[in-house]
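Participant: Line by line, the protein sequences are chains F and U. The numbering of the first sequence is this note's numbering, which starts it at 41 and goes up by one. The numbering of the second sequence is this note's numbering, which starts it at 41 and goes up by one.
Since the hints were made in silico from the structure, they are not lab data. Think of the CB as a built atom: it goes at the ideal place given N, C-alpha and C, for glycine as much as any other residue. Don't take every hint at face value.
What the hints assert, rightly or not - In silico lysine to aspartate or glutamate, DMTMM-like type, Cα no more than 25 Å apart, as pairs:
| id | chain 1 | residue 1 | chain 2 | residue 2 |
| --- | --- | --- | --- | --- |
| 1 | F | LYS237 | U | GLU361 |
| 2 | U | LYS635 | F | ASP541 |
| 3 | F | LYS53 | U | GLU672 |
| 4 | F | LYS635 | U | GLU549 |
| 5 | U | LYS606 | F | ASP627 |
| 6 | F | LYS368 | U | GLU561 |
| 7 | F | LYS99 | U | GLU672 |
| 8 | U | LYS99 | F | ASP397 |
| 9 | U | LYS635 | F | GLU554 |
| 10 | F | LYS151 | F | ASP397 |
| 11 | U | LYS99 | F | GLU689 |
| 12 | U | LYS513 | F | GLU554 |
| 13 | U | LYS368 | F | ASP466 |
| 14 | F | LYS103 | U | GLU689 |
| 15 | F | LYS513 | U | ASP516 |
| 16 | U | LYS90 | F | GLU100 |
| 17 | F | LYS237 | F | ASP331 |
| 18 | U | LYS368 | F | GLU464 |
| 19 | U | LYS99 | F | GLU680 |
| 20 | F | LYS114 | U | GLU689 |
| 21 | F | LYS114 | U | ASP685 |
| 22 | F | LYS675 | U | ASP285 |
Said to hold, decoys possible - One side only, chain U facing chain F, incomplete, derived with CB under 8 Å:
| id | residue |
| --- | --- |
| 23 | SER372 |
| 24 | TYR444 |
| 25 | ASP685 |
Given next are the chains, with one letter for each unit.
Protein chains: 2
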Amino acid sequence: MEGVDHLAHERSKAQFDVDQMKVVWVGSRHALQVSDRIARLVASDPVLRKDNRTMMTRKELFKNTLRKAAHGWKRINELRLSEEEASWFRHYVDQPAYTDLHWGMFVPFIKGSGTEEQQKKWLPLAYKLQIIGCYAQTELGHGSNVQGLETTATFDPKTDEFVLNSPTLTSSKWWPGGLGKAATHAVAFARLITDGKDHGVNGFIVQLRSLDDHLPLPGITVGDIGMKFGNGAYNSMDNGVLRFDNVRIPRDQMLMRVAQVTREGKYVQSNVPRQLLYGTMVFVRQTIVADASTALSRAVCIATRYSAVRRQFGSENGGVETQVIDYKTQQSRLFPLLASAYAFRFVGEWLKWLYTDVTQKLQANDFSTLPEVHACTAGLKSLTTSATADAIEECRKLCGGHGYLSNSGLPELFAVYVPACTYEGDNVVLLLQVARFLMKTVSQLPSGKKPVGTTSYMGRAEHLIQCRCNVQKVEDWLKPSVILEAFEARAIRMSIACAQDLSKFSNQEEGFAELSSNLAEAAVAHCQLIVVSKFIEKLQQDIPGKGVKEQLQNLCNIYALYIIHKNLGDFLSTGSITAKQGSLANDQLRSLYSKLRPNAIALVDAFNYTDHYLGSVLGRYDGNVYPNLYAEAWKDPLNESVVPDGYREYIQPLLKNQLRNARL
Amino acid sequence: MEGVDHLAHERSKAQFDVDQMKVVWVGSRHALQVSDRIARLVASDPVLRKDNRTMMTRKELFKNTLRKAAHGWKRINELRLSEEEASWFRHYVDQPAYTDLHWGMFVPFIKGSGTEEQQKKWLPLAYKLQIIGCYAQTELGHGSNVQGLETTATFDPKTDEFVLNSPTLTSSKWWPGGLGKAATHAVAFARLITDGKDHGVNGFIVQLRSLDDHLPLPGITVGDIGMKFGNGAYNSMDNGVLRFDNVRIPRDQMLMRVAQVTREGKYVQSNVPRQLLYGTMVFVRQTIVADASTALSRAVCIATRYSAVRRQFGSENGGVETQVIDYKTQQSRLFPLLASAYAFRFVGEWLKWLYTDVTQKLQANDFSTLPEVHACTAGLKSLTTSATADAIEECRKLCGGHGYLSNSGLPELFAVYVPACTYEGDNVVLLLQVARFLMKTVSQLPSGKKPVGTTSYMGRAEHLIQCRCNVQKVEDWLKPSVILEAFEARAIRMSIACAQDLSKFSNQEEGFAELSSNLAEAAVAHCQLIVVSKFIEKLQQDIPGKGVKEQLQNLCNIYALYIIHKNLGDFLSTGSITAKQGSLANDQLRSLYSKLRPNAIALVDAFNYTDHYLGSVLGRYDGNVYPNLYAEAWKDPLNESVVPDGYREYIQPLLKNQLRNARL
């Protein structure tokens, strides 16, 4: 049966141009061509195989990761890949490694926070990987509260040096990826102290290991922090611990773009506005949202294909059973996640544009939109990563028992994904930042200050707090304007209710703390509105390809109505819709699922993932699941011998009732 | 600082008798004494250590599991432990092993389905572990739909034997625990065929491996199915694959309590009613609900203690930061889970009673309550396992970054727990069974048939579909009768709405399929009502101990109001409460959290878990988290050398720009 496509029948049912949808998904014809070529290149490279990962010990896995990183770098240079191609290459290698932090945090941070001179010195070294950098911020006792970091960098005017020190156990750097074993350098964050005065947290470039023999430099204690969730997942990464015992670095290794320490030890702000640094944060969070749609789409691709392969119940007289994808319970759990993958893709695309836009504004010294951009990226990071983590686990459950096997790919995808809910801002902490911004925006409404960007709907507060949804029949729920207004009404009413509750407190900070749970819910409502509205905006563009736009319209409606159903309490309690309208939305949702059904496989094919990248027996492109599950089983080390290791010592004496005298 | 209790201050704040709460949690003073003694025995046994599990390879882990099982059996015999003590012992060993299936499935199934003669033959062998049994039901292509199993057992009248065969790849047995490497025998399920006629699925005792050398018997292909979620978790279990190539077993190895095959090959029902077999299912699911509260309480214990240790933000002028447990966002996520642990414990306790009750009724040939009991156990299994799986992951997130470390205990707890959502009935399939029963109950209301047990509230349908919740102020939400009526109204109104929607379909099965998502939601509403009502019933008992009942009352209210808040859409759309009342419930919830706060640590201490059993650095009883996290890190194999294995091959040439000629 080699080469047979078990899903061919499913593919033939598609009502749209899959190739054009691939272009929409990845962003452009050019991006599709490049990514497709590089994905196949990676998939065909035996050094980059992934299917043996879960059988490795931690040490083997880590060594294998070093090998892949070196091999990847070699191939990138040999093939003279462009930066775009190299970035796709690293993406498809799909194994967390020190290179992620080097390219994703160390380099961008020096670019953003280093002076021109510093950039000239350090970036060429980093670009050529003559040094390996990591980003050492989080400490054992300090994560979200960056201002609470304890590591100190004390200026010594005698030697023109900073002395880095870890004064307490809780000040040990803890978590930075690449730090444990690989990095030669770090951007390390420490409280700057000059002349006995604490100037708060600043970044410093610190060499950690000798470039000759990789041994830690004097005063530096460094190591790996140990096993993490999953058996592959992030265990390929050397998240590290680092302690400084009065380590000296030259003064010019403080990153001095926005603030400097002079030769005399004076702390001075430069003329570069601090706000410029936010650009990096917007960039990083924009990447995280894009990654969310990628992770989610992988999980959905696996679960959708397997749901078409798996059959259960529904056969009469020994006939063939029903494909589980045909059950409404399966559809109502799976299809909203498929729609979410597309929704997050488009909001991520929009964030990319927003980053470019805000960067231009910052460079023109226009900081006016920064708070809104900051709130919006923080909120979308929170919303999309939380939803994606939950969705991956839901997809695993949708694969029934077999989803629990490592070779389904889903356990590892979950384990490798979930840190996204915590790193770069804990998701709840971020929602509260959004809420703070929303409360400020609401409080300024009476003054006539016009809300900008994603909050501009708040400028129509008067209308939105008294408007009534005019859905009367199921089809009314297909109108974008109706959906949008319901989401806007719900979001603003929740914000205003919070603001009113807050106003009853004499101490605003106490009120904020007391009501934080409600505030977080209001922030979620605001962020869901952004996702829906950006999806709707996307559909206002010209989208070529037979049936492509129709499919996207269907997905957009599914996403929106699913969010309404899931958060019905919000919509009803704010009076944004009525119970009857909620019930109509739910009815509409069911018929949208039926419309999606014949296109389901083609819609996940449009992600254009290779079997190598998916890494799932259940999600194989050809749907040939069972023979491959069976074949994979025999590869487990436990099957190397028919009688297991330990039989003589621990099973035989037990069965023979001879345990009494055994030494166990 | 050895021996210092960092949580002493928290413990001193408790407003109730913790020792009495321990009794309530575990069920009796006697159970507390026994479980406490055995827990300490296990914790102090060096063979039973767990902290090194995640560093083992699969083979090492499995061998270690065999060792623990043999050692445990030896100790149980040496110490002449009673069955109660032995069962606590196995519980605290806390590592999935073949013994779970031997004691939990193989033995009970022979008891339930074997004739007296069969029991006399097989049970003594099983009790003395002279044979190791497993339960081989699920097949590669068949899980939920037991009637779809493909394995055949064909009676051969010439030799008076059954011939077991695996006719297709998808008929391979797949998943049974203990099958892969350890079991000598199985209860295997196969389609019984006599004289060319298929009599459906029956159970057979089949020897798999030689008792002399443990080699598979002729015609049997058996092995392990490979790695599963997590790195420890269920990888200590040899979930197996099994194929029969015309394997012959004597006729008397068909389990013949309810149906027999005669010497002539005639299939005859015995006079034992088939319904008796349901007793085993009720028993197993009752155990699963009890396990849910145990798993949930472990996760909550870890997250609660660590939330009291962890501090973040809120310090002014460098003072000490705020304990994260004092944040309302933390409380609103954590405390409902603490309440759920108690709620599930009490509903589990009640299910234990129900099992005894139904067993007595079955023995008296009274099958009247069986459908209700079946629906109720299926629904509670689904509800509690789904909630627990989600809650463990939520607890992990509540521990921030450090929850992602294996030694937090939470990743492994999650990975080892989640299969409970799938085994013994997929949770969604079970909800649909409940829904089917609810629809039947509703349809019989007009005929005057009185609903029994957990559905008896449906007898008051007339009142419940038109009653109005009369909550006017926050305190009204503390009245059990008010809470109960709101839950009853919501549940019955959702059921009746489904029934009405169903009645619009000419084909009921089609209607059921189309509306299955709504039906599942109605089933959840019904099951949540059961949990709430059993908690309220528990509080009507006499509960000794200073402040114990008050704490439980608080937890009960938190559970109920949290469910209302989370499912507000249901309560509002059915008109069971108003938006204003929903908002009051939420306000009340906040003040209940404040009441719980000083008792939080004591309430998790009442679970009486040893540090060994918890297996979490973050959840340590003494709260001494950071020094222990730091110390644990250095034990990782990656830290055996300062310079990592692979440096010479993969890092040095890269840094020195000498990759070009390297062989990688």
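Participant: Any hints from earlier that this structure breaks? Give me their numbers in increasing order, please.
Facilitator: Result: hints 3, 8, 15, 17 break, sorted rising.
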